[in-house]
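K.L.:
In order, the protein sequence lines correspond to chains S and Z. Read in order, the letters of the first sequence are residues 193 to 539 in my numbering. Read in order, the letters of the second sequence are residues 56 to 281 in my numbering.
Simulated from the structure, these hints should not be mistaken for lab results. Just so you know, even glycine gets a beta-carbon here, dropped at the ideal spot from N, CA and C. Do not rely on the hints blindly, as some may be mistaken.
To give an idea of the chain Z side of the interface with chain S (calculated C-beta under 10 Å), a few residues [unchecked claim]:
1. 172
2. 178
3. 180
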Amino acid sequence: MTLKADIRKRLGNFHLDVHLEAGSERLALLGASGCGKSVTLRCIAGILRPDEGHIELDGRVLYDSAAGIDLPPQRRKIGYLFQQYALFPNMTVRQNIAAAVGDKSLRAARAADLLSRFRLEDAAERRPCQLSGGQQQRAALARILASGPMAVLLDEPFSALDSYLKYQLELELSDLLEDFSGPVVWVSHDRGEVWRNCRWVCVLDSGRSAPAVTTEELFRSPGTQSAARLSGCKNYVPIRPAGDRVEIPLWGVTLSCGRPVPPDTAVIGIRSHRVRPAPEGAVNAIPCAVSRVIDDVFGVIVLLRPQAALPGAPLVRMELPREDWAPLADAGSLWASVLPEDILLLK
Amino acid sequence: MDWYPLYNSLRIAAVSTAAVFFLGVFFAYYIARLPRLCKGVLDVVLTLPLVLPPTVVGWLLLVVLGPRHAFGAWVLDTFGTRLVMTWWSAIFATVAVSFPLMYRTARGAFESFDETLSDAGRTLGLSNTYIFWRIRMPYCRQGILAGMVLAFARALGEYGATSMVAGYTPGRTATISTTVYQLWRNNDDAGAARWVVVNIAISAAFLLTVNLLESRQRSTGEGGAA
Numbered sequence: 193m194t195l196k197a198d199i200r201k202r203l204g205n206f207h208l209d210v211h212l213e214a215g216s217e218r219l220a221l222l223g224a225s226g227c228g229k230s231v232t233l234r235c236i237a238g239i240l241r242p243d244e245g246h247i248e249l250d251g252r253v254l255y256d257s258a259a260g261i262d263l264p265p266q267r268r269k270i271g272y273l274f275q276q277y278a279l280f281p282n283m284t285v286r287q288n289i290a291a292a293v294g295d296k297s298l299r300a301a302r303a304a305d306l307l308s309r310f311r312l313e314d315a316a317e318r319r320p321c322q323l324s325g326g327q328q329q330r331a332a333l334a335r336i337l338a339s340g341p342m343a344v345l346l347d348e349p350f351s352a353l354d355s356y357l358k359y360q361l362e363l364e365l366s367d368l369l370e371d372f373s374g375p376v377v378w379v380s381h382d383r384g385e386v387w388r389n390c391r392w393v394c395v396l397d398s399g400r401s402a403p404a405v406t407t408e409e410l411f412r413s414p415g416t417q418s419a420a421r422l423s424g425c426k427n428y429v430p431i432r433p434a435g436d437r438v439e440i441p442l443w444g445v446t447l448s449c450g451r452p453v454p455p456d457t458a459v460i461g462i463r464s465h466r467v468r469p470a471p472e473g474a475v476n477a478i479p480c481a482v483s484r485v486i487d488d489v490f491g492v493i494v495l496l497r498p499q500a501a502l503p504g505a506p507l508v509r510m511e512l513p514r515e516d517w518a519p520l521a522d523a524g525s526l527w528a529s530v531l532p533e534d535i536l537l538l539k
Numbered sequence: 056m057d058w059y060p061l062y063n064s065l066r067i068a069a070v071s072t073a074a075v076f077f078l079g080v081f082f083a084y085y086i087a088r089l090p091r092l093c094k095g096v097l098d099v100v101l102t103l104p105l106v107l108p109p110t111v112v113g114w115l116l117l118v119v120l121g122p123r124h125a126f127g128a129w130v131l132d133t134f135g136t137r138l139v140m141t142w143w144s145a146i147f148a149t150v151a152v153s154f155p156l157m158y159r160t161a162r163g164a165f166e167s168f169d170e171t172l173s174d175a176g177r178t179l180g181l182s183n184t185y186i187f188w189r190i191r192m193p194y195c196r197q198g199i200l201a202g203m204v205l206a207f208a209r210a211l212g213e214y215g216a217t218s219m220v221a222g223y224t225p226g227r228t229a230t231i232s233t234t235v236y237q238l239w240r241n242n243d244d245a246g247a248a249r250w251v252v253v254n255i256a257i258s259a260a261f262l263l264t265v266n267l268l269e270s271r272q273r274s275t276g277e278g279g280a281a
């Protein structure tokens, strides 16, 4: 079963142009806030109407601007988990779930079954405002499954939670979704969440989607600077390709990449925990002056200035465990290196 | 003491509140979705009866309903019924003056509604009718109830337009407010005083209800589950 969406929509100065396809493996839609992730989900669910495009689910056309098809949300069979869960405040948990069961004769039985599967029996007669965050999430998901969806959309399910609760709910949501066999689109701005929960990822950058890749692929070779940024990479510097090496005029060095550098490569990215202190003369070792040291929660962030750097060149950010930095703490300068395979070649 | 004015006032207010409930909710719901310009213009037109003198409203109603004017004459010819000077003629007047109160409170309540609840309902396959009556209205119920109480109280106290459209016929079109005026004109201060006390008691009870509803709304939050 697949969900295919091809959506173009203009909202003021903002242009959305998204192509995505989700099969039985979870697809993450990863993007910074305001890049159009929620708008995309709303268009797929039928809450917003795209200007043009085509949306289909399991061969059933939900929207097609050319053919004039636009099914209302009620007939799309797409479950939507809202950020704040959107439980009906005037109904109990049981009523919330029962309301979503289409067939009246099955309502009571389906609701009872879902309440027990989602461990909500004790909360069944309570109202949403009396539930814990975890219960609210389970109730919202149970309600979605009660409506018998063929695909499920998750709109930043944990955006408003503190990190401990977020971690617990994330585990739980992932488990509860295991039983659901249809396409799942998981919207997030958090690379860790995407890595842990999804197999595929589609990067959305100011309204434009990149082709979906596996999460491993995104972290190994993001391809573009915006994708690299979303994958957590912090160091960027413009380069000139030179065979299987890159020249970096701003830093006054040439680094080996261990593979041919495509001619359209304009920038390289280096993850800050891949920068390491190295002996003089090691592969890609650069002499640097220590510009600033920032103490972080579990480690140290060191900002380095390559000795041949031009004025205004970006500093190199290096992240180290505290014990690795201790022996170097008094050094004003050091050699830092990055392995050839750790250099991300970006367009 | 002849209690007819009390009975007449209460039935006029009750019927007009029922009418104003549907009209106010209908307009509030649809106008909230219009483009800003239309919304602004309609808002002014629909709120106007609240600030116009009741005699102006009465005069405008007579221009439409009077038997010598087009619509009133047509109804008289077709159904053999005069639209003015009957007990229910006052309903036209009370609907016109109490409608803005219902409309504005209902619109305020609808504007505070969390639209994602409606979106969630639609993705769950719930019909728009179900969403309106089972989710939107219960969520906004305190605002809407307060609007109904205000509309009822205003209808009960209506004098100017009522006296022009329904007149004062004891035992037929007399209401509390027109009775007080007639008794005072006839120097029956004792009789007027009795009706004044009745009126103050009813109005005070209604205002107390409004205040209770509003304070409950504040303490439980918008549409909070009480």
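K.L.:
Honestly, which of those hints from before does the structure not fit?
P.N.:
The structure breaks none of the hints.
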